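*Asks:* Next come the chains, spelled out residue by residue.
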Amino acid sequence: MEITKGAFGEFGGMFVPEILAPTLLELERAFEEAQADPAFGAELDGLLREYAGRETPLYRCRNITSGTKARIYLKREDLLHGGAHKTNQVLGQALLARRMGKTRLIAETGAGQHGVATAIAGALFKMETRVYMGSKDMERQAPNVFRMRLMGAEVVPVETGSRGLKDAINEALRDWAGSYERTHYLLGTAAGAHPFPTIVREFQRVIGREAKRQIAEAEGRLPDAVFACVGGGSNAIGIFADFIDEPSVELVGVEPAGHGLHTEKHGATIEKGRPGILHGSYSYVLQDEDGQIRESHSISAGLDYPGVGAQHSYLHSIGRAKYVGATDKEALGAFALLSREEGIIPALESSHALAEAMKRARAAKEEQVYIVNLSGRGDKDMEQVMRSAQGGESR
Amino acid sequence: MSLRYERMFALLREHREGAFIPFVTLGDPNMTESEAIIETLLDSGADALELGLPFSDPVADGPVIQAAANRALKSGATTGACFELMARVRKNYPGVPFGLLVYANLALGRGMENFYARAAECGADSVLAADVPVVSAKSFAGEAERAGIAPVFIVPPNADEAKLREIAGLSKGYVYFLGREGVTGADREMNAPLASKIAFLKDAGSPPVVVGFGISRPEHVKACLNAGADGAIAGSATVAIIAANLGDAKKTRALLREFVGTMKAATNYR
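Chains as they are written, first to last, in numbering that gives the first Met the number 0: chain A, 0 to 394; chain B, 0 to 269.
Looking at chain B on its own, in the form it has when it is part of the complex (with noise of 0.2 Å):
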């Protein structure tokens, strides 16, 4: 189920080095474009993607990443639609990793136990439902193993030791760690995350921990893997450079290019 995420994990620390998994919305800004945007981040050096399903409510998303998924819905993004599209790219690369983000009600739409299936036919490796916590993940989680997908959950900044240890058991694949409260942005930067709590983490068991909200910048990636993390996500600031080049599909590959390769190169450590 998490196995192209051990793989990955795996041969990163080989390597020494830390994930980048820059994350956009499906559709965003079209069907088309996505698709090609999504290639370039593979191609630039992405080591595992982060994918969006638009929403009409993202509660846990700021304007940036709210933007994308209106320009989405617009353009005709279904979640069939955006399935279809992963499943395109998932044969062109059939070793990175995929890990979908969604709300819950998407995954409730056409049945969940039809939702799972239809994301690991697709070719999704993980599903993190931004608005279900652990205390109501019963359900969620017990369909995305059924169906093979790991499902993964969110350590907030107030997660006390009984949260992060129950986290650390039930999600696969890799953890997401808050990098700071709010909700996604790259207005805020993040706050250097707690060594000690991500090293709670681990020795409670957990899978690779990786960090997003309020990651920018080369200096982010670093002082997340500084702190023991396993690998950093970019969300707001690879969306917001779509954002900035709606009409130029050009320019926004070439900027998304050079964007993955600063933030990669800065996951060389130790």
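Pulled out of the complex, with its shape left as it was, chain A reads as follows (with noise of 0.2 Å):
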């Protein structure tokens, strides 16, 4: 299929209804503009400082790696303003609004990450700020829910299909459909239709940035591998993007196998779907052979989604970056491990990393140097993780 716009080798693209076309070119323009005036950055640049609290360090743990001949290091995304990665992004889209003269602010959230990051944007900006959940997530996250709530904005539950993130993206661009006009949709994740995959990985290029530089202070080289979680992708591709350069560096998404790969209880898109188009672009799409959407599974909502951003898609048919999976036992294994040897609660997304770099680490014949995306922290997950602990169903 022939991309026009925004294609990552044969994925991307923007596959909408006709009446967002023009206004998802209005925020590539906006985009492009801004990207180009130097006083955007400047601001930009402030607010991470001083308001959302960057740089994040970069921690080498002390305990979980004894007994390995791997050193890992944490890229404290947990440490952020909001608890998660998500608000590097939300308050450069935030400032993308305004300038387009936008005053209402909707999203879509699976863990509620990204809806409490833009909630904060809407407090901050003082703009109207309405947030879409399915209402699976909003009862398995719901210290997040009240933190939207608190911070004012508007949090819809949604019902239809799975009554989870991909439900939530679908009634966003609903409304959207009927409200671009004053509008900003301020998609969370590196998917979506083009400009999203670009502009959400531009704003979170930050990550890698800085971990580059810090890695090279505390190593003087360069790490072995960079590990992420890969739910729609964003922080992946966050701390990929100034890596993929370079060859040396191995990438590896992880993604949710959930109950397993074996089973049908997982959200391994890149694993376990083929190319189609859902949210606006031609990816990696969890499916059946007509084309219908699966619903996927996994224990961390802000991975519980059955399509990937197109550059993970790229990545993995070039080669450049590996996706593996990890299940939802094994997030829930390296969430215990980390609390209790390093005194850090890492989201339950971020376990599936963390997980994956353990097994790495263990099975290291030679001196490793890793870092793994600590993209959030986990506090959102205590109810979450206490029901599995009890042998409750995993919801």
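Honestly, the hints are just simulated from the structure, not real lab data.
Just so you know, these numbers come straight off a predicted model, no measurement behind them.
Only pairs whose alpha carbons sit at most 30 Å apart, straight line, appear in this in silico DSS-like list of lysine-lysine:
1) B:Lys90 - B:Lys249
2) B:Lys201 - A:Lys4
3) B:Lys201 - B:Lys162
4) A:Lys358 - A:Lys321
5) B:Lys162 - A:Lys4
6) B:Lys137 - A:Lys4
7) A:Lys4 - B:Lys196
8) A:Lys211 - A:Lys68
Build the complex: two chains, separate frames, hints provided.
*Replies:* Put into structure tokens, the structure is as follows:
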């Protein structure tokens, strides 16, 4: 298929109802102009530093790697204001929205982290904010629902489909088709129609840029591998971006393998899906033979998505990044390990990345330096983890 | 490729009528009743049909048509079964234009070439992919035309002159003119379409212009025709009748007959 807008190899594109095409092109223009405007960059950098708390530390784990040949560094996006990497790009997009004269923000959220970040921006810039969230996710991430409402955002439960992230995106797109004149859809991940995959990557690139400098200071060299969890793929593309042109650095995206890749209950889009069109771009999708979208599953709401960003599909297709799965159980194991051994409670999403890095560390025959993107903190996951610990069904 | 549309619009012009085109989702509320419903629409005066292929994630649709897609998918409305249903109706109604409304991923599901070829074989005249704007349309329009299917495109209220010209050239069979912004649904009424925009499309060489979104009453149909449109599509209003009478097939068909009759009567103009 021919991709005329926003191509990543054979992937990407702009597949939305005609009514949204002019709005996406307006966004593309605004983004390009903003990138060329030093005042825009200066304002965003200032906000990231003074408001959001950049730069975030790169912390070398003291205990979890003992007995292995690996050193694992955590890029501490969990320490960013809002509790996850999401704030980086939300501030960027909110400034873009203001630049375009929009007065209202809408967003989807899965784990609630992107919704919280959007609520933060809405409060900061005094913009009316509405967040769509699957009702299943509202149950399992209740503290984040409260946070969003506290900051003045309206949280709208989505009851359609599997009541998760995919359905929240559907609902936000439907809202936007009728509200685009004064509303910016602040998409939270590196998926979706052009120009979102590019905008989100560029605003998240700061993660990898800092990490690359920090690892050089700490180790005097590049890492052997960089690990990040992949739902839609925003934290992963953010930390990968500045390493893509460093062929010695292995890039590892960790997808949610749920109950296992041999079951139907997972969200491993790249490993188990095939290319198709969901939410505006041509990329890997979990789907049946007709092209109906399958329901995904993950213990972490933020990875529970049957699509993935187009650039990840591309990096997979050319073999530049490798995509593997970590199960719910493995993620819970890494969650407990980091909490107990390092005193850091990671988000269940980020725990997937850590699980894979630990697996590699234990198997390492020679010295290895790894960076794991610790994309968010785990406070929001307490109830979910307690339920799992009691042997309850993960929702 | 758009021969049935051309004949229909020519004949209607002769009779000084516009087209009334109801929309239903194939397989709603189930495969058997869907077939009877479609035949009822045709027997009640529908000039053409818009038939939706049910999709799991219909982002251009409001709650009424979303629910129709869910009912259809639950009753086993695979793409293959929907095509077969359409082919059966086609046998009994050889002259009426059938337009398919799909989402891009269904056209890709088993391969685009195969999709358009099967659609043509089963009697479709046109395909509108709701999430394929003209900027991304090249592959879709190309495959459609190779299979003898008219690719149809949507004119939204925010289309500028460049887009109107582009759509006038690219859309075959007819042009789908949005009655308002937003997603499908009869809860929000259409705005009276701008006569100047319709005239601009026609000057740019577009095929006949049909208005959809927010159309549920005869006066909506009249307003479309008064603005220079060639017809009107009622989707959610038609589907709402099915949804309100689930389990009572006889009543559903009686109410649909009445609805189509009333809407069609409003297409008499000039």
